[in-house]
Amino acid sequence: MAKVIVVTSGKGGVGKTTSAAAIGTGLALQGKKTVVIDFDVGLRNLDLVMGCERRVVFDFINVINDGIRLHQALIKDKRVENLYILPTSQTRDKDALHREGVEKALEELRQDFDYIICDSPAGIEKGAQMALYFADEAIVVTNPEVSSVRDSDRIIGILNSKSRRAELGQEPIRQHLLLTRYDVERVQKGEMLKLEDVLEILAIPLLGVIPQDEAVLQASNIGMPVVLDERSTAGQAYMDAVRRLMGEQLELRFVAPPKRGFMQWLLRRSA
Amino acid sequence: MRLLEFLKLSRRPPSAETAKQRLQVIIAHERTAGPAYDFLPLLQRELLEVIRKYVEVDPNKVKVDIDKGESISVLEVNIELPPGLPRSQLV
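Chains as they are written, first to last, in the UniProt record's numbering: chain A, 1 to 271; chain B, 1 to 91.
If you're looking for bench data, these hints aren't it; they were derived computationally from the structure.
Hints are not guaranteed to be accurate.
Unchecked claim - In silico lysine-lysine, DSS-like type, Cα no more than 27 Å apart, as pairs:
#1 B/K61 / A/K33
#2 A/K76 / B/K61
#3 B/K63 / A/K78
#4 A/K78 / B/K61
#5 B/K63 / A/K76
#6 B/K63 / A/K32
#7 A/K3 / A/K126
#8 B/K20 / A/K76
#9 B/K63 / A/K104
#10 A/K33 / B/K63
One chain only, chain A, in its complex shape (with noise of 0.2 Å):
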């Protein structure tokens, strides 16, 4: 049966868009066969960030209200089996999306699908909840930043109280903190919110740290979903935090400082 996740958070710039695109092509890397949607009507990004910008001709805002078919608006990526991309609409805004015309959407993508990712817009207004209204899990995409952190919690609560599962009273949204941006070297200095800290304020389960690393932007620039440069930090994260979405138990990687070599240390001195 397939899944499907909101990767949310409140405020606008945390990293919805690119952990969207990181962690449906993970999925779809693990051999999941995968849908990343866009949700954010008027402001579609999904398709720059994932690099098929040249070729979306139709998007869910068609296939809500224009009679094209589903399989017309899904793109399949060109890197990765398994992948495939729904655009939002550029032209129109959120009025379009209507909740029974996504309904049918997503029942229809979950008869092929594993994993049908919802890439939500900014903000706690019908956008967002209109992407987080359906979903089974929810992915908060959280900066260790206090405006980041207190949005969050706003959006948790939404989580639990406007969507389908808690209108029906079934079992609540699967919830799974995911903190972005996250830089050692100034938690170690004491001038960011430690995960610790984060994890004790918003109380639920973590997916997963993603560290600051430069090859996240890298990645963005060329239309790359990070987690394709395996190299990056940030890509390794992603992936580790894919895997354990998908269950498994592993243990966090870059939330220490680098262990310095000789050289380095020496460098440091000297400089």
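Go by the hints and put chain B onto chain A.
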């Protein structure tokens, strides 16, 4: 230090340049032809109606692809005709 930077640069293609080019192509499309692409669902429906006057086609066998390029864009419509169609019916 110079040498190090040189080595680093030559190893990696400058991704910022790629980013700029990608943005220029897609933003040019959105500024000019952007909303104009909204006609595509209707175009497809009307195309199908015309074709159906001559042969029956399965809407699931219609594939529309686009490649938005810098100077030209290519719209590709592939319609699979039913197998074993008699020659006379193809007109």
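Checked hints:
1. Distance restraint check for B/K61 and A/K33: the Cα-Cα separation of roughly 22 Å lies within the 27 Å cut-off, and the hinted pair is therefore satisfied.
2. A hinted pair counts as satisfied when its Cα atoms are at most 27 Å apart, and A/K76 with B/K61 qualifies at roughly 16 Å.
3. Restraint check for B/K63 and A/K78: the C-alpha separation of about 17 Å stays at or below 27 Å, so the hint holds.
4. Taking the CA atoms of A/K78 and B/K61, the gap is about 21 Å. The hint holds against a cut of 27 Å.
5. For the suggested pair B/K63 and A/K76, the alpha carbons sit about 13 Å apart, so the restraint of at most 27 Å is met.
6. Taking the CA atoms of B/K63 and A/K32, the gap is about 24 Å. The hint holds against a cut of 27 Å.
7. For the hint linking A/K3 to A/K126, the alpha-carbon distance of about 22 Å falls within 27 Å, and the restraint holds.
8. Taking the CA atoms of B/K20 and A/K76, the gap is near 24 Å; set against the 27 Å cutoff, the hint holds.
9. Taking the CA atoms of B/K63 and A/K104, the gap is about 22 Å. The hint holds against a cut of 27 Å.
10. Note on A/K33 and B/K63: the hinted pairing holds, with a Cα-Cα distance of about 21 Å set against a maximum of 27 Å.
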